[in-house]
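So the protein sequences, as listed, match chains S and C. Position in the first sequence (from 1) plus 144 gives the number in the working numbering. Position in the second sequence (from 1) plus 2 gives the number in the working numbering.
Treat the hints with care, since some could be wrong.
Taking lysine-lysine and the DSBU-like style, the derived pairs with C-alpha atoms no more than 30 angstroms apart in a straight line are [as the list claims (entries may be wrong)]: (1) 136(C) <-> 349(S); (2) 246(C) <-> 322(S); (3) 58(C) <-> 227(S); (4) 246(C) <-> 259(S); (5) 419(S) <-> 232(C); (6) 246(C) <-> 281(S); (7) 275(S) <-> 232(C); (8) 232(C) <-> 319(S); (9) 58(C) <-> 281(S); (10) 246(C) <-> 320(S); (11) 419(S) <-> 229(C); (12) 58(C) <-> 319(S).
These aren't lab readings, by the way, just hints derived from the structure by calculation.
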Amino acid sequence: MMISVHELSKGYGDIQALEGLSFEVQGGELFGVLGPDGAGKSTLFRILLSLLLPGSGTVRVGGLDPVRDLHALRKKVGYMPGKFALYEDLSVEENLQFFASVFGTTPAANYELIKEVYQQIEPFKKRPAGKLSGGMKQKLALSCALIHRPELLVLDEPTTGVDAVSRSEFWALLKKLKAHGITILVATPYMDEAALCDRVALMQKGRLLTVASPGEVVRDFEGLFYGVSGGHPYGLIQACRAFEPVVSVFPFGEELHVRFNRDDEAAEHLVDHLKSSGFSGAVVRPIAPNIEDCFMALMATENDLKG
Amino acid sequence: MDAAAQRAGGAAIRVEDLVKRFGSFTANDRLNFSVASGEIFGFLGANGAGKTTAIKILCGLSAPTSGRVEVAGYDVARYPEQVKRRIGYMSQHFSLYNDLTVYENIRLFGAIYGLSLSVIRERSDQLLRRLDLKEQRNRLLGTLSLGWKQKLAFSVAILHRPHIVFLDEPTSGVDPITRRQFWEQIYQAANEGITVFVTTHYLDEAEYCQRVSIMVEGRIAALDTPKALKEQGRSESMNEVFLKLTRPN
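Chain C extracted, bound-state conformation:
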């Protein structure tokens, strides 16, 4: 953790009264929450509830209408570049280049994050070994399966050892085994001190998070540990918690 994050009292993300409006439509309506350093935080909600809008603001890609957002100890509105250097991002839409090889992708993103070639080489070797992708180093990315691409995209998103990694529906459409291998990658990253901020439509995955927030129509309708949410909602599963909150009738 760097000095700025320590000043923030160990919180990786701190959001106060965040509002985002598009014309008369309020996409984010006074969001308040914080995410502890090293936490795996699940950011859930129905399609159109405002999750992607909030993530874009947290990553410094979009400005809030009002409110205050601190990421990795920096005010995102004032120091977006400081924030961008300390975060990783992986979108639901695949973010690597299909017409580059596996290694070329790693080198490109490593260079974008300002890593030296020797560091890129070293981390690339380590990453390919971990993923058991060494043989595929010079293969065009487009020839890999979606599951492998997503695992690689995650490794690339944390190549520069960010303080926080944002994962926007990383497991959509991925097979059940790969989905679980992906979560092991997440656990491993969290174990190494990276804060994980993740959205998903698989509610069993909500159970793998330390805390979960559920957005309904631009607002955070619930935020707690999966266990507490189930108890509060007198629900058997996170699926039931989610259904009760998003379709109260």
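In isolation and in its complexed conformation, chain S is listed as follows:
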């Protein structure tokens, strides 16, 4: 067991940032934490990393208590925070050397682990870190987080604001690190990345809504989904929402995804409703939900909001 969290809570004054979290992460797992801004993802990570004291509850990381055993713990974990936190006025190479020496090692000792990432920025090793492009900064931060060969790598939204191609390259790198046996805990707002994790936890307002594999999230979801197209999306959204049995309507690429309660026979009449609302070309087809549909449904249930 790499991480074990039991009834963890944390408050800041009146604000309850984490409320009764319990979950476990196995060694070698690629574990995703999903949730909107303010859900408590960073607070959770910082407690696991010994950077913040828990309010109440039990936390174990690599068998250690982050409060009591913080020095031993920090040797076992690597952390890439959401904001670039390296030394901008040190060069690429100097940053790497600095973080290696802090952990009592050298870049050469663990070069094989970071090679894949570091090679891409090595041509710029004399450049100050502050002068790198966003993508290169990210690769340097990852190299520095890995330089002491941690057992657990914690990444806080490493791909936010990153383009689709660079995102898929970054995830290919994570897969390779996983193959080295490193446990990876990663927060992301991108639902397509959830599908690439072994298991995911969905967080909202300091609580865990679900912890499951991406396959289970989709399989266990109870609801009926239809894809709707054939009309100007804005008008079509309004028309679908006006149909009483509809639970939620969200645009999804070239279609709208419309959700009904399970076994709601009224769903069959959606197409007639749309046609009589002036969308003569409306096409309605049953679809299997994807992980983003399921998460939105879970989040919406919590929010009690229609659409």
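Following the hints, position chain C against chain S.
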């Protein structure tokens, strides 16, 4: 649409042979495109492809090395102030003030765009009602979630009813529900006649645009409707179109 835009033949944006160089680096390499009035136009590209450079030029914040750019019917190089009055802008980095209240932010930006206090009050009420933020009117902005801030920032960017609104990665890091609510705001604005020029890294959002351009290394590598781009590239999704163009090997 005002008279100048009508002279431009209904085009909200017209870009001819736009070039921008920084020393020996060409950030924008002969861009040619136009955006129709009322269109939702997606401006896509990888990080570093030159999107933000082009947007800054379109907004009159940076001068092109060569080429001609017309926005809202005005030549941006000659009449930058006329252009600025007719556009709204929302950046990927949050642009409102965290230490002002919701209403103070609205009032500040309304005043910057030259609206009278009575108009600001009226539009502020309307805007807060639409966003269901009336209760939060006097709350410090810094205490709102990112999703609410972004929805508010968009409403503030169109408070002065601009001809065109430029949105630079407005949905980065926002949760999936808020992201879609944000797009409904975009549809609503477009429905009211505002031209929307938007960049995003979420390729499902490219599908919500009427037309999409994809920049690769300073050049526009493709420009068409999402449907046509998928057909031309024999791709299932915009994600695939994007991957094929940005990483041809």
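Quick rundown of the hints versus the structure:
Distance hint between residue 136(C) and residue 349(S) is fulfilled; the C-alpha atoms sit about 22 angstroms from each other, no more than 30 angstroms. A threshold of 30 angstroms between alpha carbons decides the hint, and for residue 246(C) with residue 322(S) the separation of about 27 angstroms falls inside it, so the pair holds. Simply put, residue 58(C) and residue 227(S) have alpha-carbon atoms about 24 angstroms apart, close enough for the 30 angstroms limit, and the pair holds. Taking the CA atoms of residue 246(C) and residue 259(S), the gap is about 27 angstroms. The hint holds against a cut of 30 angstroms.
Pair hint residue 419(S) plus residue 232(C) holds up; C-alpha atoms about 28 angstroms apart against a cutoff of 30 angstroms. For a cut-off of 30 angstroms, the pair hint linking residue 246(C) to residue 281(S) stands: about 25 angstroms separates their Cα positions. With a C-alpha separation of about 37 angstroms, the suggested pair residue 275(S) and residue 232(C) falls outside the 30 angstroms cut-off, and the hint is violated. Pair hint residue 232(C) plus residue 319(S) holds up; C-alpha atoms about 29 angstroms apart against a cutoff of 30 angstroms.
At roughly 24 angstroms between alpha-carbon atoms, residue 58(C) and residue 281(S) fall within 30 angstroms of each other, so this suggested pair holds. Our distance criterion of 30 angstroms between C-alpha atoms is met by residue 246(C) and residue 320(S), whose separation comes to about 23 angstroms. For a cut-off of 30 angstroms, the pair hint linking residue 419(S) to residue 229(C) stands: about 23 angstroms separates their Cα positions. Proximity of residue 58(C) to residue 319(S) is assessed by CA-CA distance (about 37 angstroms); at most 30 angstroms being required, the pair is judged violated.
Checked against the numbered hints above, the structure breaks hints 7 and 12 and satisfies the rest.
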